[in-house]
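Trainee: Sequence:
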Amino acid sequence: MRIILLAHYMNLPTRSLVGQELGFSERLNICMDIGRAIAFMQMHRIIHGDVKPQNVLVFTDETGSWVPKVMDFGFSTLLPLDESHVKLPRSWPWYAPEYLEYPDFTPPQAFKMDLFSFVMLCLWFIFEKHLSSVLPLPEMPLLVPEPGDYDGEDYVLNLLAGLKQAGTIQREQLTSQEVAEMSAINDDEFNSQGRRNGVEKLRLDVIGTKTRLLGRDHPYTLADMTILGEFYGDLGRWREAEMLALEVMETTKRALGCEHPRALHSTVNFSVVISKQGRLKEAVELTLEVLAVGRRTLGQKHFVTIYCMESLASMYQEQGRYREAEVLLLEVVQERERLWGPEHDSVMRIKAQLETIYETEGRLHDAKKQHSDLAEVLKRLYERGHLTLTGLKGQAFDFEEEDNQASVSHHHTAPRNDILSELGVEYSTDQVDKRDDYGLTPLLRAAKEGNQSAVTLLLAQGADIGARDKGYFTPLLLAARQGHEAISEQLLEAGADIEARGGPYGTTSLSFAAARGCGVIMELLLAKGAEVETRNGQGMTPLLFAARDGHDAEIRLLLSKGASMEAKDESGCTALSLALYHRHKTTVELLLQSGADIESRNEEGMTPLIQVVQDGYEDGLGLLLAQGADIEAKEKHGGTALYFAVLERDEIMVEMLVSKGADIETRTTTGRTPLFQAAAQGDVVIIELLLSNGANIHARNNDGLTPLDIAEKNGEQRAVEILQSRIATCS
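For the sequence shown, the residue numbers in our numbering are 2 to 732.
Check the hints yourself; a few may be wrong.
The list that follows gives simulated cross-link-like pairs (lysine to any residue, SDA-like), each with its CA atoms no further than 25 Å apart [claimed, not checked]:
#, residue 1, residue 2
1, Lys-277, Glu-360
2, Lys-254, Pro-109
3, Lys-635, Lys-661
4, Lys-277, Ile-228
5, Lys-282, Arg-536
6, Lys-562, Asp-598
7, Lys-637, Val-721
8, Lys-471, Lys-637
Honestly, the hints are just simulated from the structure, not real lab data. In this text the structure is predicted, and so the values were computed from the model without any measurement.
Can you build the whole structure from these sequences, using the hints too?
Mentor: The following block contains the structure:
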């Protein structure tokens, strides 16, 4: 009997001579026997955990046949009947690539890990003669001739045609995974040609294939979902982008943990998406949480922390918190410049953002210096031949380092176009309405970026004033949204449509100007007859936008033009509700002084008083109570402001409401008093507070349960002890 360790066939020529005696059929039979052994273990929920040649013993029996035996069960695991996670060892190169993606594995994933290692072992063993250079590898014919140019559409079509014509055996040599990867690469070609429907279909096919082969929660699948979400964002399809970003974030957190860098990155992506939909408060709070975790676990200079800071700065800028945005951007640009140098596009983009902030704050000296620095970089790149004047006409560039030189690709927004005018750019007649890779005409880009001289030139040359970009924005809509007053006036004088709608929800220029706080543009639009009560797809009027963002002067302007303070958006929020939610105290005071209805209700039946309690806005609560808001108003499930204060565990608000005479025995539709909710949550401080103010400890809900029953049911032991003690005292 000859006993040989399977690993001896690898990298040991003297011992591998025995293995070289084995033919293909013998090797295949050995692999099948090993497979049966692994299958038997998995049938009994046993994970070997370390399948590799060093753990397989091969010997000949009395008939001379080769018999393999799997051994070394030091890492083996008998899986429990639940879905508990297990940890596996890493033996290079036999482990699956997913080992690097996850800290531990579910039983189904662990089974697949063993299977992957088994296939790797078989691949090595069957082709060992070739891998050890005893025999050359057999030549395999290519499916199609490989062209020298991958950029053209012909390459994509030829590749697909070759796949279609290939025979069954040949097609099996090209896996579904490889087809998916090629599709993912080639959708960029369709995208650059403006064939966006083709891009979306390809991306969905790629995600579908990877979901089928790898699973919905695999990092490769999630990466493609992120790319598709970014594509939807570019098209202004924010709801679809949000759904994808939310799924990626939740899946990544579940698989890797909430503090893993990928989980943090996906959370910032999600916050960016919701910020684009006007949910800035929610986005800022979420991003701040991520930033705190990133600084603590990854460090200040980790790319995820830097990305988080940059995103937060943009949100602050949208909120008008310019100094906070500046502090973050200065730190980001310093680190980016240290890594990539002053000519990298991300460095230039942030500096352009800082210039905009300085201009907005009236810090003209700082803005001019920043502008001069950017102009110098662009001129330097132009002189070195990395930029051309033709390319600068309305185009966006990405300066990427390649062979220690900057190469240009169309990806990111270039710095401000007024810099380009210093380079002597002029628009020729045949170029006046030519669109760039982003679907922008020169007039659209000039209006968006505030290039007044370019707008003047383009209008004189007959540029299409009604042209729309991929988000359906006209030049006027872009100028109003960005707050470019002079350009808005130019476009209005040229006859721009004041009621044109753009963006994902069909918003007018007046609403964009109100959201921006641009009273000058609003006055121009109203003078031209803009509709003051215009609504977008979310039911938002210009007054609702102004209240949401705390623009008091613009609110006064709209009220003077007859705007309704009681207009509601699609969720039933009034201007007062939005101002309270975003904590614009002066705006709340203005609306209350102007007669806003303090008892209006949203779709959930909540009054402003209940909403401020739910949001934890103490100043708002004080303002509303001072105005005589109904403290006993109930939402559709019977909850009052006091009940929600208990639900939110807000001791201060509970005290404020109780001191103002709130009914401590108010009941919801299920018969629960505030004491029931405090007991269910185990909130001992609020329990004591309610009891000291006379709450009925013996009250019963619709199911006949008492607060003590609820606390016992929820396992809130401290609450149980307090309630039992109080009951004993009462007895």
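Trainee: Quickly compare the C-alpha distance for Lys-471 and Lys-637 to 25 Å and report which way the hint goes.
Mentor: With a Cα-Cα distance of about 41 Å, the restraint between Lys-471 and Lys-637 is violated, given a limit of 25 Å.
Trainee: Tell me if the straight-line CA distance from Lys-254 to Pro-109 falls inside 25 Å.
Mentor: With Cα atoms ~19 Å apart, Lys-254 and Pro-109 stay inside 25 Å; holds.
Trainee: Can the restraint linking Lys-277 and Glu-360 be considered satisfied, given a maximum Cα separation of 25 Å?
Mentor: holds (23 Å)
Trainee: Verify the proposed pairing of Lys-562 with Asp-598, using a straight-line Cα cut of 25 Å.
Mentor: OK: Lys-562 and Asp-598 at ~19 Å, within 25 Å.
Trainee: Straight-line Cα separation of Lys-635 and Lys-661 no greater than 25 Å?
Mentor: Given pair Lys-635, Lys-661 holds - Cα atoms ~16 Å apart, limit 25 Å.
Trainee: Please work out if Lys-277 and Ile-228 have their alpha carbons no farther apart than 25 Å.
Mentor: The hint holds at about 17 Å.
Trainee: Just to be careful, I want the Cα atoms of Lys-282 and Arg-536 compared with a cutoff of 25 Å; is the pair within it?
Mentor: Holds, because 22 Å separates the two Cα atoms, which is no more than 25 Å.
Trainee: Hinted pair, alpha-carbon criterion (25 Å max): Lys-637, Val-721. Please report holds or violated.
Mentor: Violated. Lys-637 to Val-721 sits at ~30 Å, over the 25 Å cutoff.
The earlier numbered hints that this structure contradicts are 7, 8.
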